[in-house]
Amino acid sequence: MKYGQLLLRGTVGALFIGHGTQKLFGAFGGYGLEATGEAFESMGIRPGRAQATLAGAAEAGGGLGLLLGFQTPLAAAALIATMTTAIERVHFKKGPWITNGGYEYNLVLIAAAAALAEAGPGDFSVDHLLGSKQKGLRWGLTAVGLGVGGAAAAHVITETFYPAPEQAEVDAAPAPSAELKSAPAPVPAAAASAPAAAAPAAAASPSAPRASASVKRAAAAAQPAAKPTAAAKPRAAAKPRAAAKPKPAAKPKTTTSKPAARKPAAKAPIDATVDAADLIADR
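Each residue of the sequence shown is one higher than the one before, starting from 235 at the first, in my numbering.
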């Protein structure tokens, strides 16, 4: 049995040392504190970097204590606490099977740590060399109780002092004052314009009560301000027309006046001359 305890302690303790150093230092292909802290924040484990530091230290320290067989119940409690937190925050909602991202592997590690706390580290351990008698059912239950209680305490502290950002904003928002509660609700534009439209009818009937000045001011304040009209875009300057090309000067017409042809003087008719001579002769 002592060799079985040594095998279980060596396997589980060495693997937890690797997990812890992955978170703390990025060893063995791990992501280190920055990336692990961001992952914790996304899972609701806040503040992410501080919680990643605590988880890495618990895994590495608890794994080393289990590997050496030193303070075995306390080392087992540290490992049970980290695995319980992992189940509660990540794996429980996915069911038990690891193929679906469930808590199967975490539950096996919790059982192994609790079994070592109850059975003791064995002969090949620091506790045996120091003569420690920390084993038995009482120490096994103590390790489980400390682990589950530590995980529950971490959950309560996170939700109380480090709430989710959305919830923190809601809690920090100031409560509406009495003046805001008593202030009348804004009147829509259509409702605000209704009294103005009905004013002539109200004035026509003497029985209709007149609106008070405060109501008129509230209606005027509720009306949205008229939107400023967009400034007219400046017209583009008219393009200058091309200057008309000067017409070529008309060539002067060469007038060559021909001398008027002289018509030959009309010859007196011979008959008229003869008649005139006869007329003179008759006288």
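It cannot be assumed that every hint is accurate.
Simulated DEER-style distance windows between Cβ atoms [stated by the list, open to error]:
#1 328 x 357: 18 to 28 Å
#2 339 x 291: 19 to 29 Å
#3 395 x 365: 39 to 49 Å
Read the hints as simulated data drawn from the structure, not as lab findings. Just so it is clear, the structure is predicted and the values come from calculations on it, not from any experiment. Heads up, the beta-carbon is just placed ideally off N, CA and C, and yes, glycines get one too.
Report task. Take the C-beta atom of residue 339 and the C-beta atom of residue 291, compute their distance, and say whether it sits inside 19 to 29 Å. Result -> 21 Å, holds
> Are residue 328 and residue 357 spaced within 18 to 28 Å by their CB atoms?
Replying inline: Taking Cβ atoms as reference, residue 328 and residue 357 lie about 40 Å apart, which means the hint is violated.
- Quick one: are residue 395 and residue 365 within 39 to 49 Å, going by C-beta? Distance hint for residue 395, residue 365 holds at roughly 42 Å.
In summary, the structure is inconsistent with hint 1 from the numbered list given earlier, while agreeing with all the others.
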